[in-house]
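S.K.: If you want the building blocks of each chain, they are given just below.
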Amino acid sequence: MKFPLKSFEPPGRIALSLVCLAAAGRADNSTSIFAPAATPAHAIFGLSMFVLAVTGLIFVVVFTLLAYAVIKFRGRAGDGGREPAQVYGSTQIELAWTVIPVLIVVVLFLATARVIHAIQDAPKPASAVDVTVIGHQFWWEFRYPKLGIVTANEMHIPVSDPAHPTPTFLKLLSADTDHSFWVPTLAGKTDLIPNRVNEMWLDPSRVGIYLGQCAQYCGTQHAKMLLRVSVDSAADFDRWVRAEQQAGAQDAKVVAGKRVFETTACINCHAINGTAADGRFGPDLTHLMSRATLASGGAENTSALLRLWIQNPDAIKPGSLMPAMKLNDADLDAVVAYLETLR
Amino acid sequence: MSTEVIPIEALQAAGKPWTETLHEWVTTVDHKRLGLLYIVLALLFLVVGGVEALIMRIQLVHAHNTFVSPQVFNRLFTMHGTTMIFFVAMPILFGFANYLVPLMIGARDMAFPRLNAFSFWLSALGGLLLYFSLLGGSGLYGAGNAPDVGWWAYAPLTAKAFSPGHSSDYWTIAVMLSGFGSVGTAINIIATILSMRCPGMHLGRMPLLAWLNLVMSGMVLITVTPLTAAQLMLLVDRYLGGHFFDTQAGGSAVLWMHFFWIFGHPEVYVLILPCFAFISEIVPVFSRKPIFGYPVMVGATICIGFVSMSVWAHHMFTIGMNSYANSFFTITTMAVGIPTGIKIFNWLGTMWGGRIQFKTPMLFCVGFLFQFLIAGLTGIMLASAPFDWQLGNSYFVVAHFHYVIVGGILFALFAAFYYWYPKITGRMLSESLGKLHFWLFVIGFHATFDTMHIPGILGMPRRIYTYEPGRGWDALNLVVSVGTAIQAIAILIFVWNLISSYWKGARAGNDPWDAWTLEWSVASPPPAYNFASIPAVASRRPLWDLKHPEDPDSLYE
Amino acid sequence: MSAVTNPLVRQPAGWILPDRGKVAMACLIVAESAIFTIFVVAYLYYLGKSVAGPTPSQVLQTPIFYSACLLFSSFTIHRAGNLLQRGRRDRFLAWWVLTIVLGGLFLYGTGQEWHRLIYEHGLTISTNLFGTTYYSLVGLHASHLVAGLTMLMIVLYFGVTGRVTEDHSPRIEVLSMYWHFVDAVWVVVFIIVYVIGR
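Read top to bottom, the protein sequences are chains P, A and U.
Numbered per this note's numbering, the first sequence spans residues -11 to 331.
Numbered per this note's numbering, the second sequence spans residues 681 to 1237.
Numbered per this note's numbering, the third sequence spans residues 118 to 315.
In case anyone wonders, no lab produced these hints; they're calculated from the structure.
Glycine is no exception: its CB is placed at the ideal position from the N, C-alpha and C atoms.
Check before you lean on any hint, since a few could be wrong.
The calculated DSSO-like cross-link candidates involving lysine-lysine, where the alpha carbons are at most 27 Å apart (straight line), are [stated by the list, open to error]:
(1) U:K166 / P:K159
(2) A:K696 / A:K1184
(3) P:K314 / P:K241
(4) P:K60 / A:K1039
(5) U:K166 / A:K840
(6) A:K840 / P:K60
(7) A:K1227 / A:K1039
Derived DEER-like restraints, expressed as beta-carbon distance ranges [to be verified]:
(8) A:V1159 / P:A235: 45 to 53 Å
(9) P:V90 / A:V1162: 50 to 58 Å
(10) A:P844 / U:R208: 55 to 63 Å
(11) U:L134 / A:P975: 18 to 26 Å
(12) U:H195 / P:I88: 35 to 43 Å
(13) A:V752 / U:H195: 52 to 60 Å
(14) P:R331 / A:F812: 51 to 59 Å
(15) P:I88 / U:D284: 52 to 60 Å
(16) P:D317 / A:V752: 44 to 52 Å
(17) P:V49 / U:R315: 54 to 62 Å
(18) A:V1175 / P:V48: 45 to 53 Å
(19) A:V752 / P:A151: 30 to 38 Å
(20) P:V90 / U:L161: 32 to 40 Å
(21) P:S278 / A:V752: 34 to 42 Å
What the simulated footprint calls covered on chain A by chain P, stretch by stretch (three residues with Cβ under 8 Å from a Cβ of chain P suffice, anywhere in the stretch; the number is not a length) [what the hints assert, rightly or not]:
(22) 860 to 874
(23) 1118 to 1132
(24) 1164 to 1174
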């Protein structure tokens, strides 16, 4: 897909790498909008450099004039209280500084309209991967309808080679209030609004982990509704898909924990493929151990933190909608052991 | 000439019991006293809103801080925004309008003095109700809860399902009351300006302050009311089982957004127009020249009034409107920058060729001009929809609008305080404290709000009580927070100046700035009846004509 | 700054400005129109979007008679105002009473319609989107009508006790403006709800 304003990118990049912003942007966990790694973010970056150049120029001109006026026309002690020439206006000057801004606006608008259209009306190729994103208070549900996968909080998508693009097209829905999907290095944000279907697309060109978070205030734990997008090579993505399509591991050693899980309230909210647990209020746990974090990025996925999360979610994410399960130590250990088999 | 007028109150003041004075103030219908009541109300809420901001900035000083809980933080940003917009900015601007408009058009009072008082007390009640939520938010049984839905109160977060208890209702009703007060005052201002100008003051000879308040009031009539309507709908949803914004029943969350922003965007123009008024009155006097391009300034104002009604969905660029809608709102938003820019150029033209006196009011005006320019340019950036898809709902936006509100509106208000305080009290504010206030505030303002743009660019969303380390946001947030402390100190100096100058300031006389509009023809403070006899005017600067009988404006305009 | 002493100021011949009461009422009408517009927009937006429950074409009956009453009341109040201006206080009162009666009739008609909708068709404000938007819009109009009727009855009381004179004509005219506005809103609501909406 060809995008306008790509010519602004190289000089823009050079300019910015002189500023620490770009330096920070090179790190793998960067969330800088000026470190684009997918076409929508690239297109916006090019446009933003153009807009910054134009507004920067306006700023320099007007700032200089203001500074000049403030310095040159200060009243001096030797003025003797005389009033300066009382000028009421000038039609030519008014015309000039009306026409020029109009022209600037027209140019900026045209540049913008091209990018709006290019991003929003981009056609969807047959090779696109479909993901349905459902926003919840305060976690992300990811469904891959054509692949039969349901997962949460960490999204895996294939890398997209510009020569043979395999973009990911997202459908954005919400189960409760408004949310917003924002991974700055990949694309601009799009909101998830209940009773409405929104769409966006990503075609990241580099393998890696991309971070983001919810960008529309959705309640108490809006701040920790984090996003983790893993852009995988084609082979890795296939491997991940096949692993996700398996039912939950059935390890005889953790039968006790599985029983605790199935007989307490866990199954009301959570689902584990291949078991009786089929709740959809909370994240799908079938492959919990394939994730790097718990609680939509609120904590690292370690044994101790998993235990703490189940025992007292408020210790990690106060105000999250997961209730403290109030299990005794034995049950807690058993459940944790069981969950740790869900790779 | 009313320079011969004796300030009668000074003679009667001694020996009156405080209860009688209090009763007079509580039952006053005098526009000057009501103006002051509005201003004092606003200053009290400014301190409250400011403390809310300081607490939030302490919480954000580093990642994973635990100074306040997420619940408290969410209430803080909701209350901060609601307080600052509805109980600081609106009242203080209405307060200045109330005080100045009749004086500047040669009238003795507003058109409807009792409506004036009613509107004030309604607004005050709204403010009280908003803060009563701390006690009564969830009923008096459990802990009180301030509203925590953000000052835009997006649906369906405000539905009973997601906001149980009464905290959202306190937001709704408090703001609705403030809205009724605003509409009442707007009606009053329009009626006053259209029906009570002194002889000779046809509309083309009115001070720009009157024009700007006229257009602002016209806007209030059609922009505050959509919010009132939406709030009525929200109450129907929450208490009568209605479905206006009930997404389960087919209702639309986006409809609330449209209604809110049809109010919310023009509202910021409602706030800025009276500030343009202050700049337009003060810059000429301290440049010693008339305003450059008066007719164009009027035209640009009316233009802004209309065009600003067409831009609202630039707050909704990310909600998934189609490319045509996004393009439309991009161009209208950029277009509204044109008359606004023209105003900046006209102020520049006023200063050009002048003999600028850098007294404190002018310092704040110059600060305004530089800062409003920058704010306008970041606004143009946000107007470009794709750029907004990245920057929207991030700290870049928070930086942009605080740049306008603090760097623009508050600076203009400071200018107005230093300029008109002598007229209101009869004393000059201290110039040295004023300059200290100015420079300290400039340093704090730029430390906070220049820096704040960067976390937005680095991906920091707004309305988050904490953030992740390792994203490069920590040091920046620290600088932002330190700047707020400096601003707080500057404000304390300002408040001290206001209080101490009341007793120790130099006596001002009628016309300390050698200015040209009618309010400077009466005593400082003005008598209750304003003018001994209603003046008649022949130009836009009646006092210039008097002081320069050989070269009156009436020959040129 | 008095005109007498300043030779530079030529006193303009007749300095006449608009009546502040009329200006204020015009402003109020503008503001109220904005509120009604938002309710109308919501009504139109939600047409056909109710998930369940009765629809407009199923349950609405066009209130022609009562609407005619309200429209005619605009004429009667206008006539009353003219009569007062010419000093015909008795005739003014008669037409004023007629206005109140017509307004009351309209209100009765609305109540009757609502009774039928609630008890015969089970349509309430919480039934579905149609119910919510219909009752809100028509109810908002009715509440403005009630406010208007209250003002009219206060004037009636003053009139009957002989305190309304020709000098009060401007204020009566301001009140008339409000009444005409309420009528005009009904014309819009009528078209939206009973014509377009079905």
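S.K.: Indicate, hint by hint, whether the structure satisfies it.
M.R.: Hint by hint, here is what the structure shows:
Proximity of K166 (chain U) to K159 (chain P) is assessed by CA-CA distance (about 22 Å); at most 27 Å being required, the pair is judged to hold. Proximity of K696 (chain A) to K1184 (chain A) is assessed by CA-CA distance (about 22 Å); at most 27 Å being required, the pair is judged to hold. Distance check on the hinted pair: K314 (chain P) and K241 (chain P) sit about 23 Å apart at the alpha-carbon level, within 27 Å; holds. Restraint check for K60 (chain P) and K1039 (chain A): satisfied, since their Cα atoms lie roughly 16 Å apart, inside the 27 Å limit.
This hinted pair checks out: K166 (chain U) and K840 (chain A) have alpha carbons roughly 22 Å apart, not beyond 27 Å. Between K840 (chain A) and K60 (chain P), the direct Cα distance comes to roughly 61 Å. Violation of the 27 Å bound is thereby established for this hinted pair. Restraint check: the Cα-Cα separation between K1227 (chain A) and K1039 (chain A) comes to about 22 Å, which is no more than 27 Å; the hinted pair holds. Range check, V1159 (chain A) to A235 (chain P): Cβ separation about 52 Å, and the 45 to 53 Å hint holds.
Taking the beta carbon of each, V90 (chain P) and V1162 (chain A) are about 41 Å apart, not inside 50 to 58 Å as hinted. The hinted range of 55 to 63 Å is satisfied by P844 (chain A) and R208 (chain U), whose Cβ atoms lie roughly 59 Å apart. Here the CB-CB span from L134 (chain U) to P975 (chain A) is close to 21 Å, well matched to the stated 18 to 26 Å. At about 53 Å, the beta-carbon gap between H195 (chain U) and I88 (chain P) misses the expected band of 35 to 43 Å.
Distance hint for V752 (chain A) and H195 (chain U): a CB-CB separation of about 59 Å, consistent with the stated range 52 to 60 Å. Distance hint check: the CB atoms of R331 (chain P) and F812 (chain A) are about 54 Å apart, consistent with the given range 51 to 59 Å. Restraint check, I88 (chain P) to D284 (chain U): a C-beta distance of roughly 58 Å satisfies the suggested window 52 to 60 Å. Judged by the Cβ atoms, the range 44 to 52 Å given for D317 (chain P) and V752 (chain A) is violated: they are separated by roughly 32 Å.
Distance hint check: the CB atoms of V49 (chain P) and R315 (chain U) are about 59 Å apart, consistent with the given range 54 to 62 Å. For the pair V1175 (chain A) and V48 (chain P), the beta carbons lie near 37 Å from each other, so the given range of 45 to 53 Å is not met. In this structure the supplied range 30 to 38 Å is violated for V752 (chain A) paired with A151 (chain P), their Cβ-Cβ distance being about 52 Å. The supplied range of 32 to 40 Å is met by V90 (chain P) and L161 (chain U), whose beta-carbon atoms lie about 35 Å from each other.
Range check, S278 (chain P) to V752 (chain A): Cβ separation about 36 Å, and the 34 to 42 Å hint holds. Using a Cβ-Cβ cut-off of 8 Å, 0 residues of the stretch 860 to 874 of chain A lie near chain P, which falls short of the minimum of three, so the contact claim is violated. Coverage of the stretch 1118 to 1132 of chain A by chain P is violated in this model, with 0 residues showing a Cβ closer than 8 Å to a Cβ of that chain against a need of three. Figure legend: the stretch 1164 to 1174 of chain A, annotated as covered by chain P; annotation inconsistent (0 residues with Cβ-Cβ distances under 8 Å, at least 3 required).
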